[in-house]
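Model the placement of chain B on the given structure of chain A, informed by the hints.
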Amino acid sequence: EPEVTQTPSHQVTQMGQEVILRCVPISNHLYFYWYRQILGQKVEFLVSFYNNEISEKSEIFDDQFSVERPDGSNFTLKIRSTKLEDSAMYFCASSADFFQETQYFGPGTRLLVL
Amino acid sequence: SQQGEEDPQALSIQEGENATMNCSYKTSINNLQWYRQNSGRGLVHLILIRSNEREKHSGRLRVTLDTSKKSSSLLITASRAADTASYFCATPTSGTYKYIFGTGTRLKVLA
Numbered sequence: 001e002p003e004v005t006q007t008p009s010h011q012v013t014q015m016g017q018e019v020i021l022r023c024v025p026i027s028n029h030l031y032f033y034w035y036r037q038i039l040g041q042k043v044e045f046l047v048s049f050y051n052n053e054i055s056e057k058s059e060i061f062d063d064q065f066s067v068e069r070p071d072g073s074n075f076t077l078k079i080r081s082t083k084l085e086d087s088a089m090y091f092c093a094s095s096a097d098f099f100q101e102t103q104y105f106g107p108g109t110r111l112l113v114l
Numbered sequence: 001s002q003q004g005e006e007d008p009q010a011l012s013i014q015e016g017e018n019a020t021m022n023c024s025y026k027t028s029i030n031n032l033q034w035y036r037q038n039s040g041r042g043l044v045h046l047i048l049i050r051s052n053e054r055e056k057h058s059g060r061l062r063v064t065l066d067t068s069k070k071s072s073s074l075l076i077t078a079s080r081a082a083d084t085a086s087y088f089c090a091t092p093t094s095g096t097y098k099y100i101f102g103t104g105t106r107l108k109v110l111a
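Chains as they are written, first to last, in this note's numbering: chain A, 1 to 114; chain B, 1 to 111.
Just chain A, with the same shape it has in the complex:
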C-alpha cells in the first residue's frame, strides 16, 4: 500500500540553524500538508500546498518557514533560523482531493532544537 515517507526520522540542531525536513507524498496525490505536534499537545496545521503554491497557512507558519516541491516527488519544509519552541514532531500528509479524501500522514520527523 502506498505511504507517505519522511526523512530524517530524528533531527537535532542548534538554535539559529536552518533545517530542511523532507517528505515524499503518495505519488498520485495532489494536495500536500505539514502539521506539527509539540510533545503532549495537539496536532496543529501548518500549511497546505497545491499546484505548486501555498493554498493556506496557519499563524504558526511565519516567515521563518517555507515549503517547496523541488521535483516531482519531494515536498520539503524549511525552517530558516530554528528556535527552541520549534522542537516538535513534524508530520507531512498528502491527499488525492481535499474535500473528499483522506489525508495520509507520514511517520514524522522529531525535531529537537538545543
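It is possible that part of the hints are untrue.
[Said to hold, decoys possible] Chain B residues, not near chain A, derived (Cβ > 12 Å throughout):
1. 8
2. 22
3. 24
4. 54
5. 55
6. 59
7. 66
8. 71
9. 73
10. 83
11. 84
12. 108
[What the hints assert, rightly or not] Calculated pairs, DSSO-like style, for lysine-lysine (alpha carbon to alpha carbon, straight line, at most 30 Å):
13. B:70 / A:57
14. B:70 / A:42
15. A:42 / B:26
16. A:42 / A:78
17. B:108 / A:42
18. B:69 / A:42
19. A:57 / B:26
20. A:42 / B:56
21. B:69 / B:26
22. A:83 / A:57
23. B:56 / B:108
24. B:26 / B:56
[What the hints assert, rightly or not] Where chain B lies over chain A, by a calculated footprint (3+ residues, C-beta under 8 Å):
25. 42-53
26. 102-114
Hints in this document: simulated from the structure, not taken from any laboratory. We treat Cβ as the ideally placed atom computed from N, Cα and C, and that holds for glycine.
Frame of chain A; chain B shown alone:
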C-alpha cells in the same frame, strides 16, 4: 468545547472489552476522520466518515456520526493490547484546507 474534542481523555480497559471514544465539533463538516497514534509515532488513518453517512465499519472499528449533535463516536470491539494508543478525530474547517485535531483519547488495553 473546541473543534474536534475527544472524550474521555483517557480510558483503561481489559483485553476483550469494548472501547468507546467520543468526539464533538462545532462547525459544519464535509467529513470526519479518526486517526490512531502510538506513543511518539506517526498518525495512522482509521476511518473517514462523510457528512451524509451515519455509521461506518472497518474490521473491529465502528464509527458513528450525528451531524445534528455535531458528534462522532469510535467503538473498538474486542480490544487487544495492540490497540493501546491515542485516538484522535480530525475535522476540516469549513472553507479551508486544514484539519483540526482534538486532544485525543489515550486508550490503554490491559492484557
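Now the hints, each set against the structure:
1. For residue 8 of chain B, the requirement that its beta carbon stay farther than 12 Å from each beta carbon of chain A is met, with the minimum near 16 Å.
2. Consistency note on residue 22 of chain B: stated as away from chain A, and its beta-carbon is indeed over 12 Å from all of that chain's, at 17 Å minimum.
3. For residue 24 of chain B, the non-interface assignment is confirmed: its Cβ lies about 15 Å from the closest Cβ of chain A, beyond the 12 Å cut-off.
4. Every Cβ of chain A is farther than 12 Å from the Cβ of residue 54 of chain B; the closest lies at roughly 18 Å, confirming the non-interface assignment.
5. Here residue 55 of chain B stays apart from chain A, with its beta-carbon at least about 18 Å from theirs, past the 12 Å limit.
6. The claim that residue 59 of chain B lies off the interface holds: its Cβ sits roughly 15 Å from the closest Cβ of chain A, which is beyond the 12 Å cut-off.
7. Every Cβ of chain A is farther than 12 Å from the Cβ of residue 66 of chain B; the closest lies at roughly 21 Å, confirming the non-interface assignment.
8. Non-interface call for residue 71 of chain B relative to chain A: holds, since the shortest CB-CB distance, roughly 18 Å, exceeds 12 Å.
9. For residue 73 of chain B, the non-interface assignment is confirmed: its Cβ lies about 19 Å from the closest Cβ of chain A, beyond the 12 Å cut-off.
10. Listed as a non-interface residue, residue 83 of chain B keeps its Cβ farther than 12 Å from every Cβ of chain A; the least gap is roughly 19 Å.
11. Every CB of chain A lies more than 12 Å from the CB of residue 84 of chain B, the least distance being 17 Å, so the non-interface label holds.
12. No beta-carbon of chain A is positioned within 12 Å of the beta-carbon of residue 108 of chain B; the least distance is around 16 Å.
13. For a cut-off of 30 Å, the pair hint linking residue 70 of chain B to residue 57 of chain A stands: about 26 Å separates their Cα positions.
14. Using a Cα cut-off of 30 Å, the hinted pair residue 70 of chain B and residue 42 of chain A holds, with the two alpha carbons roughly 20 Å apart.
15. As the CA atoms of residue 42 of chain A and residue 26 of chain B are separated by approximately 17 Å, the hinted pair is consistent with the 30 Å bound.
16. Annotation: proposed proximity of residue 42 of chain A to residue 78 of chain A holds, straight-line Cα distance about 21 Å (limit 30 Å).
17. For the proposed pair residue 108 of chain B and residue 42 of chain A, the alpha carbon gap of about 19 Å is at most 30 Å, so the pair holds.
18. Using a Cα cut-off of 30 Å, the hinted pair residue 69 of chain B and residue 42 of chain A holds, with the two alpha carbons roughly 23 Å apart.
19. A hinted pair counts as satisfied when its Cα atoms are at most 30 Å apart, and residue 57 of chain A with residue 26 of chain B qualifies at roughly 21 Å.
20. Restraint check for residue 42 of chain A and residue 56 of chain B: the C-alpha separation of about 25 Å stays at or below 30 Å, so the hint holds.
21. The straight-line distance between the Cα atoms of residue 69 of chain B and residue 26 of chain B is roughly 9 Å, inside the 30 Å bound, and the hint therefore holds.
22. Under the criterion of a C-alpha separation no larger than 30 Å, the hint pairing residue 83 of chain A with residue 57 of chain A is consistent with the structure, at around 19 Å.
23. For the hint pairing residue 56 of chain B with residue 108 of chain B, the CA-to-CA distance comes to about 23 Å; that is within 30 Å, so the pair holds.
24. This hinted pair checks out: residue 26 of chain B and residue 56 of chain B have alpha carbons roughly 21 Å apart, not beyond 30 Å.
25. For the region 42-53 of chain A, the stated coverage by chain B is satisfied: 6 residues place a CB nearer than 8 Å to a CB of that chain, which reaches the threshold of 3.
26. For the region 102-114 of chain A, the proposed coverage by chain B is satisfied: 8 residues have a C-beta within less than 8 Å of a C-beta in that chain, meeting the threshold of three.
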